[in-house]
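K.L.:
Below, each chain spelled out in residue letters.
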Amino acid sequence: AQSVAQPEDQVNVAEGNPLTVKCTYSVSGNPYLFWYVQYPNRGLQFLLKYITGDNLVKGSYGFEAEFNKSQTSFHLKKPSALVSDSALYFCAVRVKTGANNLFFGTGTRLTVIP
Amino acid sequence: NAGVTQTPKFQVLKTGQSMTLQCAQDMNHEYMSWYRQDPGMGLRLIHYSVGAGITDQGEVPNGYNVSRSTTEDFPLRLLSAAPSQTSVYFCASSSRRDLPYEQYFGPGTRLTVT
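Going down the list, the protein sequences come from chains A and B. Okay, so the first sequence: first residue is 1 according to the working numbering, each after it adds one. Okay, so the second sequence: first residue is 1 according to the working numbering, each after it adds one.
Next comes chain A alone, as it looks inside the complex (with noise of 0.2 Å):
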């Protein structure tokens, strides 16, 4: 079975400076990790992926995560954040369903102060 652990509910940080929101999973076999993006009342986004190759992903709006395979980590990560970059982030690893279908996080919140 597969389990991505976000554990922090909430991050926030000011603007500028870098932001981290974390994330660890748990699965057999390689994993496929992503980085979705929830603006309030909106579906989700999608902003990166690992599937293989450089452990550091370049994604979308200046946003990258690297992919640490002995921590099972894959944190999100921009050098200067920005107020428009407020809104709830999930980690998610596919699962073998053979439909390219997801097990999510449980989202972090990012605020980021002005």
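Keep in mind that the hints are not guaranteed to be accurate.
[To be verified] Computed from the model, here is a short list of chain A residues facing chain B with C-beta under 10 Å:
no., residue
1, Q38
2, N41
3, L44
4, I51
5, F63
6, F67
7, V95
8, G107
[What the hints assert, rightly or not] In silico negatives: residues of chain A with every beta carbon more than 12 Å from chain B:
no., residue
9, A14
10, E15
11, P18
12, S70
13, K77
14, S84
[Said to hold, decoys possible] Pairs of lysine to any residue residues, derived as SDA-like cross-links and limited to a Cα-Cα distance of at most 20 Å, are as follows:
no., chain 1, residue 1, chain 2, residue 2
15, A, K96, B, G51
16, A, K22, B, K9
17, B, K9, A, K96
18, A, K22, B, G40
19, A, K96, B, I54
These are calculated hints, taken from the structure and not from any lab test. Note that CB positions come from ideal geometry on N, CA and C, so glycine has one too.
Could you slot chain B onto chain A? The hints should help.
P.N.:
Same frame as chain A, now just chain B:
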């Protein structure tokens, strides 16, 4: 392209009523899925389909039915609504043929059962 569309956006039901949540995609994706989002629990998979005529259960299928008669549509039926089904429902689709495997989400349906 419209992507993934869902109707209605909001719905209030009384316990015991039935309804169908509509989902359609215009990307010719083989895979379609339904998730529900509850506070503090992330998104959980209800049902999914790997193609027309083929459906399967996800993590929380009880109380829901699905069918897939066309590639484009994947309706979710609540036969007898219960307050525990108050949630936000998201439909998603993805391609079997192309990397990179991410799912595309609709805007969601907010359902309240009283």
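K.L.:
According to the definition I'm using, a residue is off the interface if its beta carbon is farther than 12 Å from all beta carbons of the partner; does E15 of chain A meet that for chain B?
P.N.:
holds (27 Å)
K.L.:
For a C-alpha distance cap of 20 Å, please report whether K22 of chain A and K9 of chain B respect it.
P.N.:
With a Cα-Cα distance of about 31 Å, the restraint between K22 of chain A and K9 of chain B is violated, given a limit of 20 Å.
K.L.:
Are Q38 of chain A and chain B close enough, Cβ to Cβ, to be under 10 Å, as the hint says?
P.N.:
Status holds, d = 8 Å.
K.L.:
Going straight from one Cα to the other, do K96 of chain A and G51 of chain B come out at no more than 20 Å?
P.N.:
The hint holds at about 16 Å.
K.L.:
Taking the least C-beta to C-beta distance, is I51 of chain A closer than 10 Å to chain B?
P.N.:
Because about 6 Å separates I51 of chain A from the closest Cβ in chain B, which is inside the 10 Å limit, the hint holds.
K.L.:
Against chain B, with CB atoms and a cut of 10 Å, does the hint on V95 of chain A hold up?
P.N.:
holds (8 Å)
K.L.:
Quick one: work out the minimum CB distance from S70 of chain A to chain B and report holds if it exceeds 12 Å, violated otherwise.
P.N.:
For S70 of chain A, whose nearest Cβ neighbour in chain B is about 24 Å away, the distance exceeds 12 Å, so it holds.
K.L.:
Per the stated criterion, does the least C-beta distance between A14 of chain A and chain B lie above 12 Å, as a non-interface residue requires?
P.N.:
holds (26 Å)
K.L.:
Does F67 of chain A meet its interface restraint, that is, does its C-beta lie within less than 10 Å of any C-beta in chain B?
P.N.:
Where the cut-off is 10 Å and the nearest Cβ of chain B is about 14 Å from F67 of chain A, the hint is violated.
K.L.:
Below or equal to 20 Å on CA atoms is what counts here, so check K9 of chain B against K96 of chain A.
P.N.:
violated (30 Å)
K.L.:
Would the hint linking K96 of chain A and I54 of chain B be met if the CA-CA limit is 20 Å?
P.N.:
Holds, at about 16 Å.
K.L.:
Would the least Cβ to Cβ distance between S84 of chain A and chain B come out above 12 Å?
P.N.:
holds (19 Å)
Violated hints, in rising order: 5, 6, 16, 17; the structure is consistent with all others.
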